[in-house]
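**Q** Here is how the chains run, residue by residue.
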Amino acid sequence: MAQEFYLRQAYGETLVELGGENPDIVVLDADLSRSTRTRLFADKFPERFFNCGIAEQNMVSIAAGLASSGKIPFASTFAVFVPGRCFDQIRMSIAQPRLNVKLVVGHGGISVGEDGTSHQSIEDLALIGSLPGFTVIVPADAIETAQAVRAAATHLGPCYIRLCRPKVPLVYEQSYRFKLGKAVTMRQGGDAAIIAIGLMVKAALEAAESLKRQGVDCRVLNMPTLKPIDEAAIIQAAAETGAIVTAEEHLEHGGLGSAVARVVARHKPVPMELVAIKDTYAKSGKPAELFERYGLTAKDIEQAVKSAIKRK
Amino acid sequence: MSIPRKCKPSTSAKSVKAEVFSSSASLAEMEAIAKRLRRHIITMTGRAGSGHPGGSLSAVEILTALYFKVLRHKPQDPHWPDRDRFILSKGHAAPVLYATLAECGYFPLEELLTLRQMDSCLQGHTDCTVTPGVEMSAGALGQGLSFSIGVALAGRLNSKDYRTYVLLGDGECDEGQVWEAAMAAAHFKVDNLAAIVDNNGQQIDGWNRDVMSLDPFPAKWQAFGWQVIEVDGHSIPQLAQAFDKAKKVKGQPTLILAHTIKGKGVSFMENNPHFHGTAPDAEEVKRALKELE
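Keeping their order, the protein sequence lines are chains A and B. In this text, residue positions in the first sequence follow the numbering used here: the first is 1, and each later residue adds one. In this text, residue positions in the second sequence follow the numbering used here: the first is 1001, and each later residue adds one.
Since the hints were made in silico from the structure, they are not lab data. Since no wrong hints were added, every one of them can be taken at face value.
Taking beta-carbon pairs under 7 Å as the criterion, some of the chain A residues facing chain B (in silico): (1) ASN58; (2) ILE62; (3) ALA64; (4) LEU66; (5) ASP88; (6) PRO97.
Even glycine gets a Cβ: it sits at the ideal position worked out from N, Cα and C.
Based on the sequences and whatever the hints tell you, model everything.
**A** See below:
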């Protein structure tokens, strides 16, 4: 059993490191600093931490003002609120002027669990991914989270990093090196390719393992940078395997599946299946129960691979 | 890709070293500048055939006082790190800002006639990526005060002594975000920030009091922890005095409630909500310019 860690803990600890290295790093939160772990930074650098209270629109625009004056603001809350509650602020204050703001949000997807619909962000990747110039990252484990946060700090321009609430098993070794905009081949295979993000990377690996036992060789790609997406890796996977399955903890509208489909349709049309939430809201429940109910398990991925291969 | 070109630099920029803008204009000179700004607003919106002349005309003296008296700025070096910042939150009043920036020498006056045209560096609402001197892309109301808090906090963190000024519309204060920001500015004690409300009493659908009452307006700001100064927003000396007073307050942001008249300076545009978002036609331009001679 792989060790499990909170991605947000990795975020908070990395922020503290970055704060020590660069005096221009500032952090904002909207009354969720204990949950998002920006509290770690606040304790160490109180003069560079701004708790904006439960006012996400204000937080996002303050971050923009800080960035316009040379600071590197990291603003954090839950994914339902940023971008959900302040899309226009992100659009006009950050995306249009391409300001150097980093939005790092927790509680993405339905793995939020018992809190239910209001706190389960299943549209955020569609919203943020629609904004020109935004870099969008969904790390798969704590090791990747720490490195993605560092990459965002040095990348000039608006970034969105989506984290999730529960502990996540490691899928990487410490020696892993995250590269912005690059897919990572987690497993080679020639019969089909599973492209996954976030929590679903682990499920994709499990599905591939099970399929292997049934004689189906799956390639597994982690696509931590959702935007700009690694088109070359997608085209290569489509060309070499002839069937693609995407897996994400998000609505099938406007998330990973849509982004991959755009590339596949344009460059190398092959059968595709999308493992994602189908045009509905989820309810309260344990994350595992919800994944089962809404079709996001390794079994669902396995089934999708079989369907895609059948359509070759 | 279609990207509006950036404004060409002012002709003087090539020969003149970027210097701090001289703020020695006399009151009579500033009043003459204010009249020129009004003429520019009429001419440019008339030429464009669309735009927001009403709320531009009401803010003329506010921008004149700021740019020709109060602000420390360098038109030839718009990104000078020590500049005082002016943020136009009511982005639809872009014409008055463009006219002011052109009069200061940020870009040539002829650019004003390209307002709202394809590939113009003067977009319908302010766009900081193409217009020198524009600090924030605005037009979506309610965001400028929050943005200005960020700018002011950055100044504090960087130990810079620049001041941040932000102009809001009164109708804009319907937006909830304005009050989130009002609360935060007092909480963070940004005394290097002064907000001005262009209190012309009207918004697109009519008088504020009929659309959405703001009363008791000054008391609301006071209750949020601001120093409030009320002035005649068409009196340059009163405005200058208010800006001076704002500088002296410690630990608290200042709100200058500038009582103004929408469409000020042109008889048939004054207090006429029609000219909030409608440009004067050719005949109206002629009449307006005659009044502004």
